[in-house]
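Enquirer: These are the residues of each chain, in order.
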Amino acid sequence: MPPKRKNDTIIKVEDVGMEVDAVLDSGSEDEARRRNKTRRAKTQRKAKQVSDDEDNEEDEDEAQKKRGRKKRNKPQDSDQDDEEDKRSGRRKRSKASRRNAANEESDEESEEERGERKKGARAVSKRDKDDPNKEKKGNAKEKDGANKGSEKDRKKKNGKKSSSSFSSSSSESDEESLSEGEMAALKEQVEEKKKLIATLRNKPWRMKKRLVLLKEAQEFVERFEGALGKGKGRKLYAFKVMMTKKIIKFKRDFENFKTACIPWERKIKEVESHFGSSVASYFIFLRWMYGLNLILFGFMFGLVVLPEALMGLPYGSIPRKTVPRDEQDTAMDFSVLFEFGGYCKYSFLFYGYYNSDRTTGVLKFRLPLSYLLTGVGIFGYSLMVVIRTMARNANEGGDGADEGEFTFSWKMFTSWDYLIGNPETADNKYASITTSFKESIVDEQENQKDENIHLRRFLRILANLLILCCLGGSGYLIYFVVKRSQDFAKMDPADLTWFEKNEVEFVMSLLGLVCPPLFETIAELEDYHPRIALKWQLGRIFALFLGNLYTFLFALFDEVTGKLETEKSLKNATDWALNEYYANYSAHFNTTDVPQPIVHPADVVRGPCWETAVGIEFVKLIVSDVEVTYLTILIGDFARALLVRFLNYCWCWDLEAGFPSYAEFDISGNVLGLIFNQGMIWMGAFYAPGLVGLNVLRLLTSMYYQCWAVMACNVPHQRVFKASRSNNFYMGLLLLVLFLSLLPVVYTIMTLPPSFDCGPFSGQERMYDVVMETIEQDLPAFIGNIFTYATNPGLIMPAVLLMVLAIYYLNTVSKGYQQANLDLKKKMQMARDEEKNRRNNKDSTNQVMKDLEDLLPNKSLIPPPTKEEPPSDVVIEKGSKSTKMKPGSAGKGVNLQKEVSLAAPNPRGPVTHAPRPRGGAPGNARGPQPGPGRGRGRGHL
Amino acid sequence: MGTTASQLSKESLSEYQELTFLTKQEILLAHKRFTELLNKSEKGDPNVRIPMNKINSLPELKSNPFKDRICCVFSTSEHKDGSLTFEDFLDLLSAFSDSATLEIKSHYAFRIFDFDDDGTLDRSDLEKLVNCLTGETEETKLSPDEMRQLISNILEESDIDKDGTVNLSEFQHVISRSPDFVSSFKIVL
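Respectively, the protein sequence lines represent chains H and L.
Position in the first sequence counted from 1, then plus 210, gives you this note's numbering.
Position in the second sequence counted from 1, then plus 753, gives you this note's numbering.
Note that these hints are calculated values from the structure, not bench results.
Note that beta-carbon positions come from the ideal geometry of N, C-alpha and C, so glycine has one too.
There may be inaccurate statements among the hints.
Unchecked claim - Examples of chain L residues toward chain H, derived with CB under 7 Å: (1) E899; (2) S931; (3) F934.
Given only the sequences and the hints, what does the whole structure look like? Please build it.
Expert: Here it is in structure tokens:
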């Protein structure tokens, strides 16, 4: 709102007379005073106040808005008052109706009141000079209204009423209604108060003040909310108000309930206080994963397992739900069950158990369809959740300023982790902060001096070669082991040792255990900065896990194709035998009505059911992973801690400080382990619906076990890394793993033929045929038609094209924004440089700007630093500049020197301090307004 | 918790919820922890103050190098002794809570770092801050040279208007870019 208009309105008000509401007056007076102050401020020019004034500015903005709004109302208001004046004059003469008299009385009273209020407002404004709460002034009217008794309030309202209703129509105004303008204004005020209530917690004020303000605002809202809805809409309005109140309360309670429901808050907090936020971030991630898995488990259990278990055929009714005859003897043995053979294999844990009837039970539940959709839906849901979390994290984390821009300041201002509540951790933190300070100082001083770049390069290449060898070797090992296990599978299980049976899982877990430390050792060769080294390490472990997983998968697919072959021959043989049987039967009994051959379900010849085999592989993998992880913790952490702790009494060197010492919690390794575990769950869930439930159990125990292990036997990190930066990094890895685990599942659904005698899709050509079948048979024909059209390549191609174009467009837009950001940053930098130079020697480093400056007479391009600064000063400086410096060598050397010499004895240094009230709380201290230049501008940037 | 819940009236509880970033449970817990620090005789008094050293004995604050500053900043005491009433205590927890905004957090962080309460971070403030961060022991302390270098680097980065001090808006500008300020500027009971 430009101040000019303000003046206009003030004049208008004066023309009209003093009938306008006093607040406006006091407001404008106040405004004028403040403007005076601002002027004064400008003349004094205090850079220091910028900070405090940001608060003020905000408040002032609000106040101005308010005033602006009032002004909008004002012209018409004053017109009204004008008219009313005349009318009242007439009325005075006639003194016709009682009501008029009453109105007049109220008018008078309100006038009186106004005077009072004016005084009050002035007093308030004086009192609040040092108070950031300018709103008080803006709302003086309401506050006064609230402060006075209800009687006066009524009167005031009457006064208002008279001023508005008379002007609007006639003296026969309706007692009960306020004019629309008044209503709107009141409503706005009420809304404002509500907003104030909602945002009060964002104000850095003392609790007492906030309490007072809150009470006032609430009182006001309560008082006037009722007044708003008069007449017809009153009840509805009251109801609405009540409902909003209830809803707010409910929301708050719900919020409370939600936070109360978050499990392990205390546990994590305990870990947090011992190890800082980075270790806690792992547990938070674990908890998040647990929640996700719980939901996935709900889907799987509710839509697949439960219907089959409740409504499907019971165990033993059909071959796929029965243990075959030759396995029945050992089906209950622990060793068999432990490897998920026997009864486990033919239970609802695995794919093969599910029946392929189109509908099951009285509910006509379409189990095959549900199975497929749940299997795919799990991926869809996970994808959605992960991406949403990533987006939220991206919004929360800083706006991605350049890393190097504020290295020191960040180290200084944000390096302390306030969650640390453990002296030992605090000591570590001190040490790590000190080293980081020292390091960065050294970095800054030396700026990466490489003593022997060739050796370093050679070592790095060597390290990478070694790691590639490791990766290749581990991949080959897994492939070899899986191949061998296929050979073992053909042999009699009785001849095999336990190790031979579980070789694959064992080797995979072992590789996951051995390789990361190996990588770490090799990475010593490279001598990267720890942060970069951590990234490399993560990348390598990721590659290892991924490579292992995919080798495993490929080997598994080899196996599957083998199984498919045997299945085909078996199916042919069965068909042939059945045909023979039919032929024999009809020939023998001379009838075409051939009954089904009576075979006990356990004796039926059956195929290998490759889906169940894959499922079992995954489950075994998970179980062995859990075993290895837990054992590692037990031995690597717990036993080591015990050893160090108690052998330390009788050992020749200090075990705690020396070689073995206590273990540190390996955050990145644990997070990656969790991510890959999840990837296996996603992949395996389709073949083994019970896997999700197993995983829920695993995460649950993990939570307690690892929490205990961390608290019992780990020590805080020497170098404490911050967590938040890597949060989205982990999420990104999770997304990648999700995508990679999606691939094999979709591949099997779309291309491989399902087993002919087990699982929900038996008898189908492809798994997705279930969907087609449903569309064709159960849905109305037109939907089928729509589907056919939609799957037409002619439609899909343009859709894909459209998406590509949209991506391209969005990409371009984001690039544009980036460019704009860069420009703004550059502008800021330039302004900063300018400011610096002006401060130091009134010279511009920017050649272009300087040229322009020389051309223009009054230097309008760059806002002059101060208004009152004598122009002669600049001229002199200019002169001196031209004499001192050779043209064209507006070099940095000179400037730098000056900077160094002039920065410290800043001529304005002492001035900035003097007039400020010292000792008072800086947030509350009210200073003059900032100059037009930087403070404001930067605030908007 | 039953006794503590009854001590906090329903209205004040809801008001506190309105005015802080804390949930009901957190307020109740805070109240419980607060009353635990009180003597028997003081328990009924709503305006009782807890002296700074007692507050600092809370495990959450015990190893914080800024504990004295935190108490001073949040204290409404007339004598500037850093003693806290329950409302001050809630203010503290609210500012350090999970859901407090960056604005609030940076504002209070600034005041915590502003050791001499003059509204700007000047060299002496920064020096004290560095000493707080590096700990008091000899081996972690920075040498005077390093200190000078460090502080001038910091001023170079964040003192935008080049007046030799860092003021609140400059501070907030720096802090708002930091990825992990909000996540680490937390104290949870």
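Enquirer: Of the numbered hints stated earlier in the document, which are not met by this structure?
Expert: none
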